[in-house]
Amino acid sequence: MKKLIVLALLITFVCFFPAGQAVIAADGVWRIGTIFPVTGPLSKNGVKNFDGVKIATKMINDAGGVLGKKVVLVSADASNPEAAASEANRLITNEKITAIIGTQASSLSMAATTVAEKNKVFYIENEGISGLITARGFKYIFRTTFNSTMMTTQMVDYAVDVLGPKKLNKKAKDLRLAIIHEDGGFGTSSGRGLMARAKARGLNVVATESYSAKSADLSSLVLKLKRAKPDILFAAQYINDSILFARQAREMRFKPLIIGTTAGQGNPDFIKAMGKDADGILAGGIPSEISVEGLAEGPKKDAKEFVRRYMGTHNGEYPNPTSFVGFAGAWVLYKFILPKAGSLDPNKLRAAALSLDVPRGKGVLNWGIKFAGPDQKNAGQNVLAAAAINQWQNGELKLIYPKAIASSDLK
Amino acid sequence: MDTTLFVQLLISGVLLGGIYALASIGLTFIFGVMKIVNFAHGEFLMVAMYLSFWLFHYFRLDPYISILIVAPLLFLIGLLVYRLLIKPTIGAPVLTQIFVTSMVIENLALLFWSADFRTVSLKYLQNSIVLGPFPSLGLEEMIVNPARLIAFCIALSLTVAFYFFLKLSYTGKVIRATSQDRFTALLMGINTDRIFKLTFAIGIMLTGVSGALMIPIYTVHPFVGFEFILVMFVVVVLGGMGSVVGATIAAIFIGIIEVFSGFLLGPQSKEAIYFLVFIAVLVIKPSGLFGLEREEELERIEAID
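Going line by line, the protein sequences match chains A and B.
Under the numbering used here, the first residue of the first sequence carries the number 9, and numbering increases by one thereafter.
Under the numbering used here, the first residue of the second sequence carries the number 3, and numbering increases by one thereafter.
Dumping the calculated DSBU-like pairs for lysine-lysine here, alpha-carbon to alpha-carbon at most 30 angstroms:
no.	chain 1	residue 1	chain 2	residue 2
1	A	K222	B	K37
2	A	K308	A	K66
3	A	K237	B	K125
4	A	K207	A	K419
5	B	K287	B	K37
6	A	K175	B	K125
7	A	K378	A	K356
8	A	K312	A	K78
9	A	K378	A	K77
10	A	K232	A	K178
11	B	K125	A	K280
12	A	K378	A	K411
13	A	K370	A	K66
14	A	K348	A	K128
15	A	K370	A	K77
16	A	K309	A	K62
17	B	K125	A	K284
18	A	K207	A	K179
19	A	K207	A	K174
20	A	K406	B	K125
21	A	K232	B	K125
22	A	K222	B	K125
23	A	K147	A	K385
24	B	K125	A	K234
25	A	K370	A	K308
26	A	K126	A	K147
27	A	K263	B	K125
28	A	K419	B	K125
29	A	K179	A	K263
FYI, nobody ran anything at the bench for these hints, they're computed from the structure.
Construct the entire structure; sequences and hints are all you get.
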């Protein structure tokens with residue numbers, strides 16, 4: 009009897025599964041692939057990013073779709089680089105997908121983009137910021153968000169030109185700086201960027217340390233740093249290790265000025281864990297708020313609509329920074345690239361993407377859209393994307409830099 | 003390196019060892035008696051941490067009090083898992099089932115509790131204890147974290163209590179007999195199935211105690227078990243695969259090595275260092291620091307005969 013049931017189930021499955029696929033593959037819709045870590049250790053931000061993509065998709069479909077056709081997402085889950093590569097392969101070979109949005113994390117992106125490029129499939133990276141992704145001269149890979157060099161350069165400059173002078177009354181050259189980073193793709197490329205900028209400006213870096221984000225203890229790191237007596241500490245960390253580090257630093261009474269990133273210190277879970285002790289900590293990276301002031305009518309309406317819908321589906325919570333970049337990646341494809349290409353042919357999409365030159369204020373969020381060409385060093389990078397600096401002030405993550413879009417001053 | 007720093011590193015290392023001991027005590031016990039490698043141990047720890055988190059979140063129950071609820075609950079979970087999963091496969095390779103269980107628990111946690119990172123912040127634990135200065139010893143101020151100190155003390159007391167429980171109580175003796183030779187124990191009229199059930203449940207219950215003690219120190223998320231599982235196994239093997247006292251000493255040893263190598267050689271190398279030590283110990287003494295050599299074990303069994 010049991011065997012019969014299993015057999016019946018199998019037959020049902022075999023009969024109906026391809027039929028279901030045929031419906032999806034039918035003409036009249038744009039089928040876009042997505043690869044995000046919605047399970048596994050990276051899923052915290054992966055889900056939030058994917059939420060941004062889903063809301064963008066719903067918004068465009070409610071407005072009549074793109075060129076009269078609705079967008080349908082074909083989703084894949086990738087919790088590690090191996091899965092990212094195999095899922096990219098599956099989307100391309102089995103699902104016949106020719107345009108992909110992904111992946112939230114640099115390590116996953118490196119794997120997925122390699123597969124996409126090999127198969128000549130158009131790919132939008134919306135959050136993996138490692139410089140390596142666009143350093144390979146790939147033709148079909150486009151990154152809508154800023155890269156780690158843009159972020160780290162801004163972090164170093166802001167720290168020594170504004171933060172140090174204002175809070176410690178010290179000139180850039182007199183400041184003692186320390187850099188720590190987790191040893192994965194994101195941390196390593198950010199750490200390198202921070203060091204390169206500090207070196208280029210001839211600053212005094214007193215300690216540089218890397219560690220595994222899976223560490224169960226960071227007391228040796230804290231003690232080591234405490235000995236180096238830095239004024240300002242740069243930290244490229246993920247959320248879990250940023251909380252562990254902040255707690256152990258508090259235990260050991262190590263209190264430098266900290267400038268982290270939105271991947272770690274800027275995460276809402278950080279404030280839940282640290283409470284009052286988070287106040288004053290800075291986080292470079294994604295802007296924590298959309299400043300609608302400087303935007304043209306269209307983008308302003310889109311941004312407000314996105315925030316409204318996000319809050320509607322997330323118990324009134326303001327969008328997580330990672331949802332903003334998720335939205336931005338999808339929106340650039342739906343609103344700017346796809347209408348211009350008029351087809352999901354990767355070569356047409358690519359030509360359309362390269363032809364874009366949208367100034368700030370008219371693009372998406374506070375970014376313009378202009379991708380570096382294949383002959384340039386960072387092929388496929390949106391050069392008009394920009395990183396920002398945020399700060400925890402009374403339990404809220406406030407956007408404090410660049411000045412043009414800031415909602416508060418440094419406190 | 004000055005003396006103050008040395009002592010401070012030592013304190014941090016010993017306290018970290020206490021946490022590792024807490025995390026692996028149940029695993030050691032289960033392995034020692036049942037010879038089962040419980041790959042899902044980290045996940046049980048995760049469940050225990052979540053339970054104390056939710057008790058704190060909804061009922062403002064102090065994690066140190068919630069031990070009284072979490073530990074018995076984990077005991078029951080242990081009984082249930084034993085009945086459903088372990089018992090039918092005793093004697094057969096049980097590895098796959100346990101491995102799958104760990105994945106199932108992990109993904110259920112992800113489904114029900116999401117991938118958020120959750121913390122319990124206890125106001126009274128945030129101020130560190132300051133030792134010193136002791137000018138006569140040439141020592142300046144040193145810092146001890148109260149939550150870690152409590153965890154360490156309970157880890158030590160648990161180890162001592164466990165030692166005497168196994169040594170002196172009737173149940174303890176029966177457990178030891180079963181672990182030494184299951185067949186002979188059966189001949190002596192010991193209900194080994196009952197002993198296995200009890201052992202497994204006690205082992206899981208111990209993670210309940212650990213989870214409640216660790217929640218004031220660590221953030222809980224569905225993959226937290228993963229952060230500890232590797233060091234747990236190192237501790238169990240170094241400690242002599244099944245010796246609870248050995249595991250505690252090994253845990254402190256690993257804690258000290260980790261903190262000192264992290265400080266002297268950089269945090270990125272600390273795992274490499276304790277694995278090197280681990281391999282070195284196994285080459286010199288394959289049965290772990292406190293394990294009995296095969297011959298010794300046989301001799302002892304003969305002596306008992």
